[in-house]
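In the order they appear, the protein sequences are chains A and H. Counting in this note's numbering, the first sequence runs from 1 upward without gaps. Counting in this note's numbering, the second sequence runs from 223 upward without gaps.
A hint or two may mislead.
What the hints assert, rightly or not - Here are the simulated EDC-like cross-link-like pairs (lysine to aspartate or glutamate), alpha carbons at most 20 Å apart as the crow flies:
1) H:449 with A:71
2) A:29 with A:113
3) A:91 with H:301
4) H:364 with H:266
5) H:239 with H:301
6) A:46 with A:34
7) H:449 with A:210
8) A:46 with H:266
9) H:448 with A:94
10) H:448 with A:71
11) A:46 with A:154
12) A:91 with H:426
These are calculated hints, taken from the structure and not from any lab test.
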Amino acid sequence: MILGDFGTSYCKFLDLDAPGARPTIIATKELPRETRVDLATGHNGKRFADRYVNELIALARGGEALTQEEEYVLLDCGSRDIKFIRYANGKLADMGWNAECGASMGFTIELLERYYDLDYAHLRVPEQTFSVTCGVLGMSDIFDAVISGVPVAEAVARFVKGIAINAYRFAGSPAKLYLSGGLCDNPLFVGSFPCQVTPLGRFVLLRGLEAEAHQPSPPPVS
Amino acid sequence: MTLDPASSVAIMSRFRKIGIIGVPPLEIIRGANEHGLVIHDLDEPLVREDLETASPFLPRVYCAILRTAVVNALHLELDAIYADTGPGKCDCALHTATILAETLPIPVICTKNTDNASFGTPLCQARLPLIDRMLAITAGVKSAAPYQNPPDPCAPTAGFWGVPPRDFSILGLFPDTTHIHGWARCMENKTPADHALEGQFNPEVPTVFFAQSFCAKTALARYLAKKHPHALYLDVDVHTTSSARAKVQAFLELSGVRP
Numbered sequence: 001m002i003l004g005d006f007g008t009s010y011c012k013f014l015d016l017d018a019p020g021a022r023p024t025i026i027a028t029k030e031l032p033r034e035t036r037v038d039l040a041t042g043h044n045g046k047r048f049a050d051r052y053v054n055e056l057i058a059l060a061r062g063g064e065a066l067t068q069e070e071e072y073v074l075l076d077c078g079s080r081d082i083k084f085i086r087y088a089n090g091k092l093a094d095m096g097w098n099a100e101c102g103a104s105m106g107f108t109i110e111l112l113e114r115y116y117d118l119d120y121a122h123l124r125v126p127e128q129t130f131s132v133t134c135g136v137l138g139m140s141d142i143f144d145a146v147i148s149g150v151p152v153a154e155a156v157a158r159f160v161k162g163i164a165i166n167a168y169r170f171a172g173s174p175a176k177l178y179l180s181g182g183l184c185d186n187p188l189f190v191g192s193f194p195c196q197v198t199p200l201g202r203f204v205l206l207r208g209l210e211a212e213a214h215q216p217s218p219p220p221v222s
Numbered sequence: 223m224t225l226d227p228a229s230s231v232a233i234m235s236r237f238r239k240i241g242i243i244g245v246p247p248l249e250i251i252r253g254a255n256e257h258g259l260v261i262h263d264l265d266e267p268l269v270r271e272d273l274e275t276a277s278p279f280l281p282r283v284y285c286a287i288l289r290t291a292v293v294n295a296l297h298l299e300l301d302a303i304y305a306d307t308g309p310g311k312c313d314c315a316l317h318t319a320t321i322l323a324e325t326l327p328i329p330v331i332c333t334k335n336t337d338n339a340s341f342g343t344p345l346c347q348a349r350l351p352l353i354d355r356m357l358a359i360t361a362g363v364k365s366a367a368p369y370q371n372p373p374d375p376c377a378p379t380a381g382f383w384g385v386p387p388r389d390f391s392i393l394g395l396f397p398d399t400t401h402i403h404g405w406a407r408c409m410e411n412k413t414p415a416d417h418a419l420e421g422q423f424n425p426e427v428p429t430v431f432f433a434q435s436f437c438a439k440t441a442l443a444r445y446l447a448k449k450h451p452h453a454l455y456l457d458v459d460v461h462t463t464s465s466a467r468a469k470v471q472a473f474l475e476l477s478g479v480r481p
């Protein structure tokens, strides 16, 4: 059984029939059109599978598989949106999916790194931050800061910190959170959260799909 | 214009077709029924016109239901509009009525519904598709007749708190055993200004607290969702977005609510 997490910028796959196989990743723009999987999630996923699991359910199931805790917040920062689930006493207590005001945050962070030829592994977490609610709107803050003499790297770092703080507030400002998504690999982003962060990597939704795969299939929709 | 209910009814002999915004007092509806008037509920999408046609009159960032009411009012050939602007509706409706009165060549009559005679809420507690029940509740606004053959109540497995959404498709995600709370329940009860009833919810079942985006009721919906032990707060604008659908679907499934 092949699982697929079809994200805006990257698609992740896992073959459950290949023992010990690791997840694979491919840029969405390079994904062959004829790709088919058995179980899919992600906002592009419905096009590539007969059985689809919505992203929040995949995130929650992945969190259940990976955290083994009764109380936690799991925040997924994707290329296009942010979403979180909060569990209390082992049960779902709160959730959110910001596809509009959280628009394009991850996408913009990656875009800026390429455009300004930066390496986030070498940028320190800045003291200051921008008040960023949206990747697109936050770009203006960068341009204004650069015009006023702030070095590009510092301006971009403030932007990244602003995005992290916005995501943290969206998740309910917890003292501790688990982070999911490709931004787990961005030390500037992870270090910009004003709370304890445990990165779980970019395959949390695949783990959720794996849990769902072991559930009986729902009856077909007539 | 603002008229007392008796005067509002007295002028109905001049009309054939009226529109209503919100829930006008029962006396008005009864009068319209007795005069045999055609009533259009302007809060519902009734014409195939772009919502943007409301933008010269209302801001784009405004309650989608009232923007819909303006589009309907502009495109339906009405003889008059009765807009409830009392405590059972909102200031946004009051301002919309003012704008429509200046814009349209027909009377726009403001009412203040403070009816407090309960008609009951059988549909809110019945075991039937949520969309069908909400359609029946909104259709009931146009009639002053008592309810006939009410369905039996069922034990709830989920709750929907809020107003009838502009886009009913979100309701299709809920099980038939969902109980309706909030202003929609007040509508069925024909007491739209009953804020105590509006504030009630069932803490025993997972509940979605819904409000239209940019509506004052977003504050109440979010406040009550925080008080409820197992709730999802949700606001939706014109159409149900895929993320809104996914939130409701995930909330119900992860809460153990069966379809």
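Hints and how they fare:
Taking the CA atoms of residue 449 (chain H) and residue 71 (chain A), the gap is near 19 Å; set against the 20 Å cutoff, the hint holds. Proposed proximity of residue 29 (chain A) and residue 113 (chain A) is supported: the alpha carbons are some 19 Å apart, at most 20 Å. Straight-line distance between C-alpha atoms of residue 91 (chain A) and residue 301 (chain H) comes to about 55 Å, which puts the hinted pair past the 20 Å bound. Of the pairs offered as hints, the one joining residue 364 (chain H) and residue 266 (chain H) holds, with about 12 Å between alpha carbons and a cut-off of 20 Å not exceeded.
Restraint check for residue 239 (chain H) and residue 301 (chain H): the C-alpha separation of about 6 Å stays at or below 20 Å, so the hint holds. Simply put, residue 46 (chain A) and residue 34 (chain A) have alpha-carbon atoms about 13 Å apart, close enough for the 20 Å limit, and the pair holds. At most 20 Å may separate the alpha-carbon atoms for a hinted pair to count; residue 449 (chain H) and residue 210 (chain A) exceed this at roughly 34 Å. For the proposed pair residue 46 (chain A) and residue 266 (chain H), the alpha carbon gap of about 31 Å is over 20 Å, so the pair is violated.
Simply put, residue 448 (chain H) and residue 94 (chain A) have alpha-carbon atoms about 10 Å apart, close enough for the 20 Å limit, and the pair holds. With a CA separation close to 18 Å, the supplied pair residue 448 (chain H) and residue 71 (chain A) stays within the 20 Å bound. This hinted pair does not check out: residue 46 (chain A) and residue 154 (chain A) have alpha carbons roughly 40 Å apart, beyond 20 Å. Using a Cα cut-off of 20 Å, the hinted pair residue 91 (chain A) and residue 426 (chain H) holds, with the two alpha carbons roughly 15 Å apart.
The structure shown violates the earlier hints numbered 3, 7, 8, 11.
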